[in-house]
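J.: Can you build the whole structure from these sequences, using the hints too?
In order, the protein sequence lines correspond to chains H and P. Under our numbering, think of the first position of the first sequence as 3, with each following residue one higher. Under our numbering, think of the first position of the second sequence as 13, with each following residue one higher.
Worth double-checking, as some hints may not be accurate.
[Claimed, not checked] Listed below are the simulated PhoX-like cross-link pairs for lysine-lysine, each with C-alpha atoms no more than 20 Å apart in a straight line:
| id | chain 1 | residue 1 | chain 2 | residue 2 |
| --- | --- | --- | --- | --- |
| 1 | H | LYS88 | H | LYS248 |
| 2 | H | LYS78 | H | LYS248 |
| 3 | P | LYS56 | H | LYS88 |
| 4 | H | LYS95 | P | LYS121 |
| 5 | P | LYS41 | P | LYS144 |
| 6 | H | LYS78 | H | LYS88 |
Derived by calculation from the structure, the hints in this document are not laboratory data.
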Amino acid sequence: MKCLFAITLASTVLLAPYGRAVAFEDASYTNVNSRYRIERIAVRGTTLVLSQGLQREMDRLAGRPFRTEVLDQVEKRIKAEFPGYKIIRIVSKGDKQDQLNVYFDLSRSTRTVEINTTRLTYHSQQNFSFGAGVDFNVRQSSFSAGVITDNDERVERFSGFRGAFVTPLNKRVRFAFLGESYRSQWNLQSPDLYRSRINIEPTLVMDLAPGLEFRAGVSFNNLEFQLPAARNQAAHALITTLRYSKQWQLGLTGTQTLEAGYNLRAATTSLASDFNYRRHLAEGRFTLSTGNSEKANAILSFSSLIGAIDGRAPVLDRFTLGNSRTLRGYNRFDLAPLGADRVIHFSADGRYRFARAVYDTGTIYNVGRPRVLRHSAGLGIVISGITAMVALPIRSGPIEPIFLVGMNF
Amino acid sequence: MTLARYIALPILFLQTLVAQSLVPRLKGKELTVQGLNLNFIEGKALDRLRNGQSVSFDFHLQVFDGVKPLARSLQRFVLSYDLWEETFSAVQLSQSSPRTPVYSTARLKSGNVATWCLGRMMLPIPTVDTTKPLTMQLEIRSLGSRITNPLRPQGSVDLGVLVEIFSRPPDPKEARFTARSETFTLGALASP
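T.: Encoded structure:
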């Protein structure tokens, strides 16, 4: 009995200071602090409001065990919500025993100039498209300038430069100004083709509600034609865009994102335009992703677009299909070499780790002409954000594969 | 002369206390090393540890015959700093099963971390003349980067990876620490 008492006493004396949880109770954690719980977790240093989803996740972490990998995920989400900020994580003892406080201190990033590659695509039948630019901030205003040569987005290859700035007027309204100048190259001849164009576009951008943005302004587009004789024509238009985007969290690492937009471009003679038309374009995209936004493990995305032009529009504004984003198994010059005034397109894009598969279907036609619904599929790999893909048209008859390599598509 | 001796001896004694050095020992059929005043936890790595994060350190212990290495041991340890107790914890990772910590300890004071880690490193006794002068060298590297899962820091922890890490020149961003022992002979270590 004495012996038992002595052992009990000795154990109590020896273990009393170490009475807390065992340091490495789980092989997944080698951080001794994982035995403590989070008392308080918050973002400091900004007056900006966190998204509800992020705030909810952070509130949920209070009282839970301290896990660095979970905090890493939270930090990535904060970074995504506040891209211009530098984040420093501060972990300290809480007010209560065995609890920790976690703070994410935000400060304005001193890096105000960023060089980026907005476009880099190779299409086996349309060659390279490349765009690069520099973004910088001066006080509250954001500026960007860049060069581009693109043979993917529109009917022609256009090469030139662009510059833009956005400055806030008040809490909800911003003023944006875009200027761009391009030379155009064509692989066919037509009196509808211009050799250069200059566009100046002042707009106002309003935040109507969280995620809902309205943009209105004027586009002054001057086109220089060369056939049958050199002349300038204007395609001045009122532009209106309504955009909505919302992201929902699925736990800490999954997200679903909805983006939708409607754009109206109305050229009228009252603006001294030589063209009179209305161009409607509606787009939508729904994306499900697991993993974080920078390194998602799996992404499934559905997108669609529908567009119509009413009146006589310049080739510049006509729709195309058959590029790196639409009907990827086709060459756009085989579908509508001068573009068309009606378009409907749907795309499903799935990615799992480095493998990617796409399915596109759509039709492009002019009013009064027959509609042909086309399908294509592509398989590729994604390494460091660069996709290499082989796309094939799904049709009977000869099939020529299209090779695509690039980013941002 | 006597005065000089009175001044020199305490200085020498203090220098011995402060100097960072390695003391080789024979333990059965293996060669071990004891670190004196080794303080490799500093700079950004220390900042990260004091901020509740884990930091991995790669240890490379070698015995030289003056020119070429005769034996070496490579190990990875993951350290963390207990914010409440203000002590360090260390985990030695298994090379055969990187997800498994083979040994761990807690409540180490800063100065004892190196001692514990070095205690986990054994070298086979090199087959050389027992009178041949030898030296031991310790190199510790750490990227100091935050690691999500410390059991898989910067990929695998197998011997090949560690050899590769110590084969390349140190990255400027990498924390690096080296220490060298005085010259010794196996014969002198074996004698009581």
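J.: Now look at each hint and say whether the structure bears it out.
T.: Quick rundown of the hints versus the structure:
1. LYS88(H) x LYS248(H): 24 Å, violated
2. LYS78(H) x LYS248(H): 18 Å, holds
3. LYS56(P) x LYS88(H): Distance of about 17 Å is within 20 Å: holds.
4. LYS95(H) x LYS121(P): Cα-Cα ~19 Å, so holds.
5. LYS41(P) x LYS144(P): OK: LYS41(P) and LYS144(P) at ~18 Å, within 20 Å.
6. LYS78(H) x LYS88(H): 11 Å, holds
Comparing the model with each earlier hint shows a violation of hint 1 alone; every other hint is respected.
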